[in-house]
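Residues per chain are reported as follows:
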Amino acid sequence: MDFLTLIQILDSTVRLATPLLLACLAGLFSERAGVFDIGLEAKMLAAAFFSAAVAAITGDVWLGLLAGIVSSLIFALIHGIASITFRGDQLISGVALNFLASGMTVLIARDWFNEGGRTPALDGAARFQNITLPFADSVAGVPVLGPIYSELISGHTILVYVALLMVPLTWYILYRTRFGLRLRAVGENPGAVDTAGISVVRLRYAAVLIAGVLCGLAGAYLATGLAAGFTQNMTAGRGYIALAALIFAKWRPWYALGATMLFGLLDAIGNRYQSLELLGVPIPTQFMQALPYILTVVILAGFVGKAVPPRAGGEAYVKER
Amino acid sequence: MTLLQKFLGASAALALSAGAALAEPGLIIDLGGKFDKSFNESAYNGAQQWVKDTGGEYMETELSSEAQREQTMRRMAERGANPIVVLGFANASTLEKVAPDYPDTKFAIVDMVVDQPNVQSIVFTEHTGSYLVGMIAAMASKTGTVSFVGGMDVPLIRKFACGYAQGAKAVNPDIKVIENMTGTTPAAWNDPVKGAELTKAQISQGSDVVFAAAGGTGVGVLQAAADEGVMSIGVDSNQNYMHPGSVLTSMVKRVDNAVYTVFNTGAEGDLPTGVVTMGLDNDGVGYAVDDNNKDLITEEMKTKVEEAKAKIISGEIEVHDYTTDDSCPVM
Numbered sequence: 001m002d003f004l005t006l007i008q009i010l011d012s013t014v015r016l017a018t019p020l021l022l023a024c025l026a027g028l029f030s031e032r033a034g035v036f037d038i039g040l041e042a043k044m045l046a047a048a049f050f051s052a053a054v055a056a057i058t059g060d061v062w063l064g065l066l067a068g069i070v071s072s073l074i075f076a077l078i079h080g081i082a083s084i085t086f087r088g089d090q091l092i093s094g095v096a097l098n099f100l101a102s103g104m105t106v107l108i109a110r111d112w113f114n115e116g117g118r119t120p121a122l123d124g125a126a127r128f129q130n131i132t133l134p135f136a137d138s139v140a141g142v143p144v145l146g147p148i149y150s151e152l153i154s155g156h157t158i159l160v161y162v163a164l165l166m167v168p169l170t171w172y173i174l175y176r177t178r179f180g181l182r183l184r185a186v187g188e189n190p191g192a193v194d195t196a197g198i199s200v201v202r203l204r205y206a207a208v209l210i211a212g213v214l215c216g217l218a219g220a221y222l223a224t225g226l227a228a229g230f231t232q233n234m235t236a237g238r239g240y241i242a243l244a245a246l247i248f249a250k251w252r253p254w255y256a257l258g259a260t261m262l263f264g265l266l267d268a269i270g271n272r273y274q275s276l277e278l279l280g281v282p283i284p285t286q287f288m289q290a291l292p293y294i295l296t297v298v299i300l301a302g303f304v305g306k307a308v309p310p311r312a313g314g315e316a317y318v319k320e321r
Numbered sequence: 001m002t003l004l005q006k007f008l009g010a011s012a013a014l015a016l017s018a019g020a021a022l023a024e025p026g027l028i029i030d031l032g033g034k035f036d037k038s039f040n041e042s043a044y045n046g047a048q049q050w051v052k053d054t055g056g057e058y059m060e061t062e063l064s065s066e067a068q069r070e071q072t073m074r075r076m077a078e079r080g081a082n083p084i085v086v087l088g089f090a091n092a093s094t095l096e097k098v099a100p101d102y103p104d105t106k107f108a109i110v111d112m113v114v115d116q117p118n119v120q121s122i123v124f125t126e127h128t129g130s131y132l133v134g135m136i137a138a139m140a141s142k143t144g145t146v147s148f149v150g151g152m153d154v155p156l157i158r159k160f161a162c163g164y165a166q167g168a169k170a171v172n173p174d175i176k177v178i179e180n181m182t183g184t185t186p187a188a189w190n191d192p193v194k195g196a197e198l199t200k201a202q203i204s205q206g207s208d209v210v211f212a213a214a215g216g217t218g219v220g221v222l223q224a225a226a227d228e229g230v231m232s233i234g235v236d237s238n239q240n241y242m243h244p245g246s247v248l249t250s251m252v253k254r255v256d257n258a259v260y261t262v263f264n265t266g267a268e269g270d271l272p273t274g275v276v277t278m279g280l281d282n283d284g285v286g287y288a289v290d291d292n293n294k295d296l297i298t299e300e301m302k303t304k305v306e307e308a309k310a311k312i313i314s315g316e317i318e319v320h321d322y323t324t325d326d327s328c329p330v331m
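Protein chains in written order, with this note's numbering: chain A, 1 to 321; chain B, 1 to 331.
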């Protein structure tokens, strides 16, 4: 494998990992506050559809992005109302939202566009274009660093950079602000937070809504950045892979970056080499595709370190009995 | 009790035969959806054409999950549709089971052979059509590398890939053919993001003509090829219009003609059973040339391809069919 191939694989890794990273951080906020969220898939799918639909109608990708985030927020709000206000089962609410999103998007798409559950193909200003960073072309000739800058770092859509910036931001919010401390505390011991006179419900809503915004970005990136339009069930299980990455990352922001990049890398290698020979043993691509899940199971089983979920995760907070 | 059962049975039989008398043909659209711009859409267009030409009516349902196959097939038979067209190889095992239960209903299955007395099996010689577009790809390629993106990894799709590779190598024996499959589950028919990513990986390996045989995933493949400024080849339906100037041609598989014929002969009451082969000789498969790509296909290319087509029909060129022995001599 030569250097240029490596750069290309890493470039593909960044593209594939971005939606996972955004969804993973969304899950991180929500679960750190004690609200399990298996509806990441639903929010991404809704955002993918509405961003593509609005971008197709208005021709403006920014309006599309806004619509994607709003639709994802509405889903997040439903999840919040069901599982925080009405103390319903968080998993069931998430599953219900997943079904709702997969059916609703196709139904609305058929009605609006009459193309059988897809939006028209987007082009021009209706799509996020790749950004060429300054000097990318002029330094491309520099050995080693040139290609890294011009191929790998430059030439992605803006949402990729936003996603990468979200990692330090998330870390800062969670570990260096009062809000973050309280948010983590709510996921570990909501009783203590409540005793201190801070509203558990409000904190949890805040976390769920932040998750909504991040999923909105992830969905919009899929439909208007990577692809050019929405197609039926286009998230293809990425919400679940993001959940696996979240466990793999032990609910920590920097680890989340590592985990999603690893999953993206495995995917990119699987795309590039249909069968990979390692030390003379052929490894089928199916194995590469299954590897993220296998790794997650290994982590969960406690073989490599221990993944401890937030202690109050999955439980609705009851103030008084 | 037994009398009642007999009575009910008789009335049910009566209802069934009454249904058969004024039978409407039925079409079961497969996973991937009616408007996949490809395989299913082609079948749907054939049915619509039949409606337009004859003024008849037909029943139609669309599968949304793997588990619905048997239920949908049975329900359609019980509602009295005749003949019933099912699309796709994945229906074979279900049809094998369902067809004997409705001996008076005729079925037609596209892309697979089901050996039952009331089933017509329509198979296409995709390998010959793919051979021709493989030749076009090799002639259009400047880098000496062409590639293939398949949907779900099944023998049928390998058949496309193998024909394509043989055609490309017939023009240029040194050409490199990259082959990728999107996945191993039916979700692989509908993942344009992955399709685009595979395409980009192939382009970075030097490919400048990408052939997509991947249902809805192909939309992403064609898009990525257009974005990166290379050429692509569509499949099943004529997809030349999707990105004019970038889509080199389409390997058309006239599922629409097949459905049309079944509906027509079915309406007259007698659908011949057994295996029907749609190939180059009866325009079952072919390559599409229209206003969108006429500048991309030169006269020289056309002459060569037409020559090969004639030779395949006459048997002078033999294109290997992957499904006969599950292997491809050139891959």
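For the record, the hints were derived by calculation from the structure and aren't laboratory data. Ideal placement from N, C-alpha and C gives every residue a C-beta, glycine not left out. It is possible that some hints are incorrect.
Residues on chain A that point at chain B, a partial pick, calculated with CB under 10 Å [stated by the list, open to error]:
no., residue
1, 103
2, 104
3, 106
4, 108
5, 110
6, 111
7, 121
8, 125
9, 130
10, 132
11, 134
12, 138
13, 238
14, 272
Verification of the hints:
Because the smallest distance between the Cβ of residue 103 of chain A and any Cβ of chain B comes to about 9 Å, under 10 Å, the interface hint for this residue holds. The restraint placing residue 104 of chain A at the interface with chain B is violated, with a minimum CB-CB distance near 13 Å, outside the 10 Å limit. This hint holds: residue 106 of chain A has a C-beta 8 Å from the nearest C-beta of chain B, less than the 10 Å allowed. A cut of 10 Å between beta carbons decides the hint on residue 108 of chain A: the least distance to chain B is about 15 Å, and the hint is violated.
Interface restraint check for residue 110 of chain A: the shortest CB-CB distance to chain B comes to about 9 Å, inside 10 Å, so the restraint holds. Look at residue 111 of chain A: its Cβ only gets to about 13 Å from chain B, farther than 10 Å, so that hint breaks. With its C-beta approaching chain B no nearer than about 7 Å, residue 121 of chain A sits inside the 10 Å limit, and its interface hint holds. About 15 Å separates the beta-carbon of residue 125 of chain A from the nearest beta-carbon of chain B, more than 10 Å, and the hint is not met.
Satisfaction of the interface hint for residue 130 of chain A is found here, the shortest Cβ-Cβ separation to chain B being roughly 9 Å, below the 10 Å cut-off. Taking 10 Å as the C-beta contact cut-off toward chain B, the hint placing residue 132 of chain A at the interface is violated, the least distance being around 14 Å. Because the smallest distance between the Cβ of residue 134 of chain A and any Cβ of chain B comes to about 22 Å, over 10 Å, the interface hint for this residue is violated. The interface hint given for residue 138 of chain A is broken, as the beta carbon of that residue sits about 22 Å from the closest beta carbon of chain B, more than 10 Å.
Look at residue 238 of chain A: its Cβ gets to within about 9 Å of chain B, closer than 10 Å, so that hint holds up. Taken as an interface hint, residue 272 of chain A checks out: its beta carbon lies about 5 Å from the nearest beta carbon of chain B, inside 10 Å.
In this structure, the earlier hints numbered 2, 4, 6, 8, 10, 11, 12 are contradicted, and the remaining ones agree with it.
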